[in-house]
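Number of protein chains: 2
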Amino acid sequence: MKTLQPVEVVKQVNEGNILTPKGFKADGAHAGLRYEKKDVGVIYTETPASSAAVYTKNIVQAAPIAVTKDSISQEGKLHGIIVNSACANACTGEQGLKDAYEMRKLAAEKFGVSEHLFAVASTGVIGELLDMEKIANGIQALNPTTERVSAESFETAILTTDLVSKHCGYEAIIDGKKVSMGGAAKGSGMIHPNMATMLGFITTDAVIESTDLHAALREVTNDTFNQITVDGDCSTNDMVLVLANGEAGNEPLSSTHPEWPVFIEMLKQTAETLAKKIAKDGEGATKLIEVNVHGMKTKPEAQMMGKTIVGSNLVKTAAYGADANWGRIIAAMGRSGVTFNPREATIAFGDIVVLKDGEPVAFSEEDAKVYLEQDSFTINVYLKEGTESGTAWGCDLTYEYVKINGSYRS
Amino acid sequence: MKTLQPVEVVKQVNEGNILTPKGFKADGAHAGLRYEKKDVGVIYTETPASSAAVYTKNIVQAAPIAVTKDSISQEGKLHGIIVNSACANACTGEQGLKDAYEMRKLAAEKFGVSEHLFAVASTGVIGELLDMEKIANGIQALNPTTERVSAESFETAILTTDLVSKHCGYEAIIDGKKVSMGGAAKGSGMIHPNMATMLGFITTDAVIESTDLHAALREVTNDTFNQITVDGDCSTNDMVLVLANGEAGNEPLSSTHPEWPVFIEMLKQTAETLAKKIAKDGEGATKLIEVNVHGMKTKPEAQMMGKTIVGSNLVKTAAYGADANWGRIIAAMGRSGVTFNPREATIAFGDIVVLKDGEPVAFSEEDAKVYLEQDSFTINVYLKEGTESGTAWGCDLTYEYVKINGSYRS
Numbered sequence: 001m002k003t004l005q006p007v008e009v010v011k012q013v014n015e016g017n018i019l020t021p022k023g024f025k026a027d028g029a030h031a032g033l034r035y036e037k038k039d040v041g042v043i044y045t046e047t048p049a050s051s052a053a054v055y056t057k058n059i060v061q062a063a064p065i066a067v068t069k070d071s072i073s074q075e076g077k078l079h080g081i082i083v084n085s086a087c088a089n090a091c092t093g094e095q096g097l098k099d100a101y102e103m104r105k106l107a108a109e110k111f112g113v114s115e116h117l118f119a120v121a122s123t124g125v126i127g128e129l130l131d132m133e134k135i136a137n138g139i140q141a142l143n144p145t146t147e148r149v150s151a152e153s154f155e156t157a158i159l160t161t162d163l164v165s166k167h168c169g170y171e172a173i174i175d176g177k178k179v180s181m182g183g184a185a186k187g188s189g190m191i192h193p194n195m196a197t198m199l200g201f202i203t204t205d206a207v208i209e210s211t212d213l214h215a216a217l218r219e220v221t222n223d224t225f226n227q228i229t230v231d232g233d234c235s236t237n238d239m240v241l242v243l244a245n246g247e248a249g250n251e252p253l254s255s256t257h258p259e260w261p262v263f264i265e266m267l268k269q270t271a272e273t274l275a276k277k278i279a280k281d282g283e284g285a286t287k288l289i290e291v292n293v294h295g296m297k298t299k300p301e302a303q304m305m306g307k308t309i310v311g312s313n314l315v316k317t318a319a320y321g322a323d324a325n326w327g328r329i330i331a332a333m334g335r336s337g338v339t340f341n342p343r344e345a346t347i348a349f350g351d352i353v354v355l356k357d358g359e360p361v362a363f364s365e366e367d368a369k370v371y372l373e374q375d376s377f378t379i380n381v382y383l384k385e386g387t388e389s390g391t392a393w394g395c396d397l398t399y400e401y402v403k404i405n406g407s408y409r410s
Numbered sequence: 001m002k003t004l005q006p007v008e009v010v011k012q013v014n015e016g017n018i019l020t021p022k023g024f025k026a027d028g029a030h031a032g033l034r035y036e037k038k039d040v041g042v043i044y045t046e047t048p049a050s051s052a053a054v055y056t057k058n059i060v061q062a063a064p065i066a067v068t069k070d071s072i073s074q075e076g077k078l079h080g081i082i083v084n085s086a087c088a089n090a091c092t093g094e095q096g097l098k099d100a101y102e103m104r105k106l107a108a109e110k111f112g113v114s115e116h117l118f119a120v121a122s123t124g125v126i127g128e129l130l131d132m133e134k135i136a137n138g139i140q141a142l143n144p145t146t147e148r149v150s151a152e153s154f155e156t157a158i159l160t161t162d163l164v165s166k167h168c169g170y171e172a173i174i175d176g177k178k179v180s181m182g183g184a185a186k187g188s189g190m191i192h193p194n195m196a197t198m199l200g201f202i203t204t205d206a207v208i209e210s211t212d213l214h215a216a217l218r219e220v221t222n223d224t225f226n227q228i229t230v231d232g233d234c235s236t237n238d239m240v241l242v243l244a245n246g247e248a249g250n251e252p253l254s255s256t257h258p259e260w261p262v263f264i265e266m267l268k269q270t271a272e273t274l275a276k277k278i279a280k281d282g283e284g285a286t287k288l289i290e291v292n293v294h295g296m297k298t299k300p301e302a303q304m305m306g307k308t309i310v311g312s313n314l315v316k317t318a319a320y321g322a323d324a325n326w327g328r329i330i331a332a333m334g335r336s337g338v339t340f341n342p343r344e345a346t347i348a349f350g351d352i353v354v355l356k357d358g359e360p361v362a363f364s365e366e367d368a369k370v371y372l373e374q375d376s377f378t379i380n381v382y383l384k385e386g387t388e389s390g391t392a393w394g395c396d397l398t399y400e401y402v403k404i405n406g407s408y409r410s
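Chains as they are written, first to last, in the working numbering: chain A, 1 to 410; chain B, 1 to 410.
Some hints here could point you the wrong way.
One copy or any two copies: either way a pair holds, since identical chains are not told apart in the list.
[Stated by the list, open to error] Computed list of lysine-lysine pairs in BS3-like fashion (alpha-carbon distance at most 27 Å, straight line):
no., residue 1, residue 2
1, LYS356, LYS57
2, LYS384, LYS98
3, LYS105, LYS178
4, LYS356, LYS98
5, LYS369, LYS403
6, LYS177, LYS11
7, LYS98, LYS37
8, LYS297, LYS276
9, LYS22, LYS177
10, LYS57, LYS384
11, LYS403, LYS276
12, LYS22, LYS69
13, LYS110, LYS297
14, LYS384, LYS178
15, LYS403, LYS356
16, LYS134, LYS110
17, LYS178, LYS22
18, LYS178, LYS69
19, LYS356, LYS369
20, LYS356, LYS105
21, LYS57, LYS299
If you are wondering where the hints come from, they were derived from the structure by calculation, not from laboratory data.
Let the hints inform the model, and build the full structure from the sequences given.
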């Protein structure tokens, strides 16, 4: 695949969000972990939702990850998730774990449900304890509704150094019923394969068991969230959570359901849209870079090469400068760990071919500059090792990234 | 080992350089590949030298690498090496390979020696052909001597975006004879494990066969040149070359020679000094970061973790901001691919412990800031997985890096 193409039966919902599917409510509030910005958010469904999540592969995992794993492990069901920004509650020892369980309890009490039916997520600075008094007050202040403004409140509350909130919505007909899906995400720094300071929340009213939902999520994550990189760093707190409350009334979805591919496609669209929004809004980024690698023996190889290219600081700074410096691309390909014949390599910025079968091609630097100055561009790599392709997304590396990260804590 | 400690018998030579050993000459000249700066350099020894080299592991290797491999493969001997900066002669196809052979021939003719007794190295922009007329004129202009000023000319001629020239010299007594060693290097961008746009040239008057020299070089490279990173990128042109002309008159060195460890130590000192100078002068860098990882099961694991930490953009930007953001260090450790128990992790900036057995420790942010504002500082990581240690070196990530690389070609 070049990029995921919308299957016709899956339709994007204009201004869709986590409240696009039936039965979900959300809100965000200001708990005071930050001076002004909302910093606590909730997604809630009265009908318990089948749940599935994927987590950071970092060996160091924050306390809320342990708590969410515990919740989902019990029944595979959730009423909702409570999230805070500003403090990651990571590397906070026993106290941090107690605090994460307490946060879950406070949310469950607020909504009158069992503790194990709530998930917890945190994002922000590592190594500082949560201010639990503020968290408690923030949770009390939450007042979830089904209105768009409530989704916006949630989307804002989960941001850290993100500049824009990230959301999308899709719908499809399954078993003659309208099934909807919505998503919200935050990203920015520490974004790299295998999840990063990335939180993704996907809601759907589809009927699906937790185990099938988990299978679908895993399948989709490898091609979407795990194919973005902002800075190569991978956080302690990453999580993508899907809640399926079943209110659409379709027949239970599983791999034997004839319309399973439609559901997978909808989940893919949602995940890819969120992932690309995260990449584009990487810390200090001014543009989205898409890398498509064609003609590899296997898809994972194509994906790995794509990630190496889009993760190269030299490619990223050249992108910032709109400099058609393809030498850095082939150098990144060569160190990607993937075997290929450089004499058969072709590289193009969009349609502008700069290297053809391993030999430099004369091209208009001016045209290339115009192309690379767009707020989104594509690098295409063609090899002759096989027929598999893979895509990765990232962003440019700018002064602003250095500024943001030179003194993030202050 | 924490860092390599000087063995007493190996002494640093004040202002030592590639001309510290007997019998070597050098020079640099202005061929006109750049406007003003010297851009062609030579090292020459009248007595043919046993030679050994290690090269980039990038699949894409520049033409001069092929030529140097060809030269050394023939007799394991060299009279010298001809180097140019400004143009890497990489990804230049058949013409590039012809040009690299022609460059070797021009140098050999100039000095009246066989072609295969000259090595070739290039560094600079990828994908552009060498201007052979300028190269020919530059080679003609070379006039190597044994004077310090000639070593300085060579050191200058090989630089690209480096700000300072890099050299060192050592001596030791072996078999009652004074054996000397000197080195010159260039680095700056695209510096990462497995060689990068890094050229290292080491001269010695030791008597040693080419195969033994190669074994020594390989042993030392893994702990030195391969443990530095500037930006995670790895070039198409990296090479470290050692020339041993035997003029010291010691008994031939090999692993059975009683003073073999002295020679290894001298080579290690030379390589480590050059490697650290490269890291410190990374593109846009303002400081050298040393990371020591202690208590790992194996040395390669300790080295890999060290490299991951010192290669993290988030650690690098925090270093720039003198921000004691240890959360980024443990996050990097967690994604390093090395297994460890985070609850036993201790992290210190120099002696300032910030995480002890997985729990945050109160520390003076002010003291930490003062420590991190130095032009060189150390991150110490202590684990309890085993008894092995490893060291890596890198630099901070600054506005200047982005500036340099946003428009390197223009």
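When no copy is named, should LYS22 and LYS69 be tagged within, between, both, or neither for a Cα gap of at most 27 Å?
within (25 Å within a copy, 67 Å between copies)
Indicate which option fits the pair LYS178, LYS69 if close means a Cα-Cα distance not exceeding 27 Å: within, between, both or neither.
neither (30 Å within a copy, 66 Å between copies)
Please work out whether the CA atoms of LYS134 and LYS110 approach to 27 Å or closer within one copy, between two copies, in both situations, or in neither?
The answer is within: 15 Å in one copy meets 27 Å, while 78 Å across copies does not.
Up to 27 Å CA-CA - LYS22 versus LYS178, copy category:
within (10 Å within a copy, 84 Å between copies)
From the Cα coordinates, with 27 Å as the cut-off, is the pair LYS105 and LYS178 best called within, between, both, or neither?
Result: close neither inside a copy nor across copies, 34 Å intra and 74 Å inter.
For LYS57 vs LYS384, is the C-alpha pair at or below 27 Å within one copy, between two copies, both, or neither?
between (32 Å within a copy, 21 Å between copies)
Using 27 Å as the alpha carbon limit, work out where LYS356 and LYS98 are close: within a copy, between copies, both or neither.
The answer is between: 19 Å across copies meets 27 Å, while 58 Å in one copy does not.
Under a CA distance limit of 27 Å, which applies to LYS22 and LYS177: within one copy, between copies, both, or neither?
Cα proximity of LYS22 and LYS177: one copy only (12 Å, versus 87 Å across).
Reference check for the pair LYS57 and LYS299, CA-CA at most 27 Å: within, between, both, or neither?
both (21 Å within a copy, 23 Å between copies)
Alpha-carbon proximity between LYS403 and LYS356, which holds within one copy, between copies, both or neither at 27 Å
neither (38 Å within a copy, 29 Å between copies)
Evaluate LYS177 and LYS11 at a C-alpha cut-off of 27 Å and name the case that applies: within, between, both or neither.
within (14 Å within a copy, 82 Å between copies)
Cα distance capped at 27 Å. Does LYS356 pair with LYS105 within a copy, between copies, both, or neither?
neither (60 Å within a copy, 29 Å between copies)
Checked against the numbered hints given earlier, this structure breaks hints 3, 13, 14, 15, 18 and 20; the rest are met.
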